[in-house]
Amino acid sequence: MEDFLEIGGVRLRSRLFIGTGKFSDYGLIPKVVAAAETEVVTVALRRVDFDNPAENMLEYLPKEVIVMPNTSGARNAEEAVRIARIAREAGCGNWVKIEVISDQRYLLPDNFETLKATEILAKEGFVVLPYMSPDLMAAKRMEDAGAAAVMPLGAPIGTNRGLKTKELIEIMISESKLPVIVDAGIGRPSQAAEAMEMGAAAVLVNTAVATAEDPVLMAEAFRHAVSAGRKAFLAGPGATRKYAEASSPLTGFLQELS
Amino acid sequence: MAFYHELAIYRRELARLQGMKITEDRVRKAIENGSYHPEDFWVLLSPEADAYLEAMARRARELTLQHFGKTVQLFTPLYLSNYCINRCIYCGYNAGHSIARRKLSLSEVEEEARAIAATGLKHILILTGESPEHSPVAYIKDCVAVLRPYFSSISMEVYPLSAEDYGKLIAAGVDGMTLFQEVYDEAVYHRLHLAGPKQDFRFRLEAPERAGKAGMRTIGIGALLGLNDWRSEAFFTGMHADYLQRNFPAAEVSVSLPRLCPQTGNFQPISPVSERQLVQIMLAIRIYLPRVGITISTRERQGFREHLVGLGVTKMSAGVSTAVGGHAVHCDEDPGQFQISDRRSVAEIYRVITEMGYKPVLKDWHDMGLTV
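Residue numbers (my numbering), protein chains in the order written: chain Z, 96 to 353; chain P, 51 to 422.
One chain only, chain Z, in its complex shape:
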């Protein structure tokens, strides 16, 4: 059985998306993309220098990769919409990760403004992937607004703390019709595997790879973890138990009676 993730009419084999914000050298990015075998890379428009090829991150991305510009720096829906339109005009395709952050202390996304931007951009034909706090009702509204997937955070961005919002993401996975991509907070391959085992459609990783001692090797580790987690999900893991069940101490009498 071939296992695809379909978003915006595109069938993706890779369930590992990569962010580009924190790398020490743009030259590392194509190597990371190759090691991760990633097909979707998110790039902040604010960092793209169209006037200077050496500083233009887009020049470092392999042609076959889907560029997903993000609206980093947007403080409200209006700014996110403007950034998305500029990105499309600049030839970055029609995918967009909506990121609206009106809190610079914890960098938590603003679900209300994100929803507004999602609604506008989906109508304009964008493939919209909103980055959001894991809230089921908000996710349903993103779905109604035309989002192609939802991207809840596992923990505050850049913290590498893993799936702190696990229970809320599990509910989203079970109740949302859209693919659920865990974005932000994943700091270790084991945490990426955990998200995939839970049934996440994909994960997006930046800090954990970019700030590793060897980002290329870490990208490869994430590829294996995502793939292992996905396979485990498809295989259907057995239920976990807190104690061994060798016998039936509470109901054994039923057999004795019969």
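To be clear, the hints were calculated from the coordinates, so they are not data collected in a lab.
Since this is a predicted model, take the numbers as computed values, not measurements.
A couple of the hints might just be wrong.
As the list claims (entries may be wrong) - Quick partial rundown of chain P residues pointing at chain Z, CB under 8 Å, derived from the structure:
#1 Ala-105
#2 Ala-107
#3 Arg-108
#4 Arg-111
#5 Gln-116
#6 His-117
#7 Arg-137
#8 Ile-139
#9 Ala-300
#10 Ala-301
#11 Arg-341
#12 Thr-345
#13 Val-411
#14 Leu-412
#15 Asp-414
#16 His-416
A virtual CB, placed ideally from N, CA and C, is assigned to each residue, including glycine.
Got chain Z sorted already, so can you dock chain P onto it with the hints?
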């Protein structure tokens, strides 16, 4: 509540903290869990914390890497005019100094813009002295219109403005403002500012919050280190940055750590700050406010500046001239506002940062008023 009133509360708090006994355990706890706790910030600034600078550096480095990655943003200042009606006893632009005064014409602004843009920089900081006659808001606005096609982000470091004027300049294309309070101790402030509108301590102190209300994207503050006891000045700077983050959560707040430099008039620092002490301040700020931007200027010497990059600095000036027209129009004629120590070009600083394993970021904002 205006910061002016919060400052009064923090003054009383500081008096209490200064009497506090600080043990090794207390310092270690502040290093581990000190974010957003004023008392821990004071502990990190204390003389007792000096012995734990290495542990502070480890923590600060970890936080900087986590939140900013291996990147440093570069920018350069562009001095538009040095006419000034203030008499600040430490400043080269002091109205009482007989220096050559000049102001760039709009065509000279463009000439400077072209020279700076040719270095690859996309972030510019425009500066003027305070002169209603020579550098009014209308002049700044005209300069911004000239600069906008060359740069993706325009910040300004000028005299304090009304909220309405901040709004006008934001509409004209300014996305950032920096204003140093110089000194947070009001009595010392009055001793250092002898004439001019800058004597209004409160109007200056509250300028960043007026800019925040007007919707300014980035807000920078700082105390001019050397003018007063540095521990208390650093403490109030931290409280001010914290206030701005709490009240304007969408704004990106930055702290600069300018140390007083020799300039025309030969004013000497009242309370000198050593490099080790400057590092202590920077580490304490990073631990207290993990996401705040930290800027280090070319007042500091090369070599020292680079070492600060991994420890907390997120923004650096490069290819600097503090003279009006110093990039193209009047190179090498003017002593500038203060003497700089690191005179390296953008290309040299770029190379050094790259060799350290960091990415110099030339563009970190996209002017949404313009298309690509």
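For this session: Using Cβ atoms only, decide whether P/Arg-137 comes closer than 8 Å to chain Z, and label the hint accordingly.
Result: 36 Å, violated
For this session: May I ask you to test the interface hint for P/Arg-111 with respect to chain Z, counting a Cβ-Cβ separation under 8 Å as satisfied?
Result: 11 Å, violated
For this session: With a cut-off of 8 Å on the beta carbons, see whether P/Leu-412 makes it to chain Z.
Result: Hint holds; P/Leu-412 Cβ to chain Z Cβ min 5 Å, cut 8 Å.
For this session: Closer than 8 Å between Cβ atoms is the bar; does P/Asp-414 clear it against chain Z? Give me holds or violated.
Result: Since chain Z brings a Cβ to about 6 Å from P/Asp-414, closer than 8 Å, the hint holds.
Exercise. Regarding the hint that P/Arg-108 lies at the interface with chain Z, is the smallest CB-CB distance below 8 Å?
Worked result: 15 Å, violated
Exercise. Hey, does the P/Val-411 contact hint survive, CB to chain Z under 8 Å?
Worked result: 7 Å, holds
For this session: Could you check if P/Ala-107 really has its C-beta closer than 8 Å to a C-beta on chain Z?
Result: With a minimum Cβ separation of about 17 Å from chain Z (threshold 8 Å), the hint on P/Ala-107 is violated.
Exercise. Can P/His-416 be said to touch chain Z, with a Cβ gap under 8 Å?
Worked result: This hint holds: P/His-416 lies near chain Z, its Cβ roughly 5 Å from the closest one there, short of 8 Å.
Exercise. Holds or violated: P/Ala-300 as interface residue toward chain Z, Cβ cutoff 8 Å?
Worked result: Holds: closest Cβ of chain Z sits about 4 Å from P/Ala-300, inside 8 Å.
Exercise. Taking 8 Å as the limit, does the beta-carbon of P/Thr-345 come near enough to a beta-carbon in chain Z?
Worked result: 16 Å, violated
For this session: Under 8 Å, Cβ to Cβ, is where P/Ala-301 needs to be relative to chain Z, so tell me if that hint holds or is violated.
Result: At 7 Å from the nearest chain Z Cβ, P/Ala-301 passes the 8 Å test, so the hint holds.
For this session: Tell me if P/Gln-116 is really an interface residue toward chain Z, meaning its C-beta lies closer than 8 Å to one of theirs.
Result: Holds - the Cβ of P/Gln-116 comes within 8 Å of chain Z, reaching about 5 Å at its closest.
Checked against the numbered hints listed earlier, the structure breaks hints 1, 2, 3, 4, 7, 8, 12; every other hint is satisfied.
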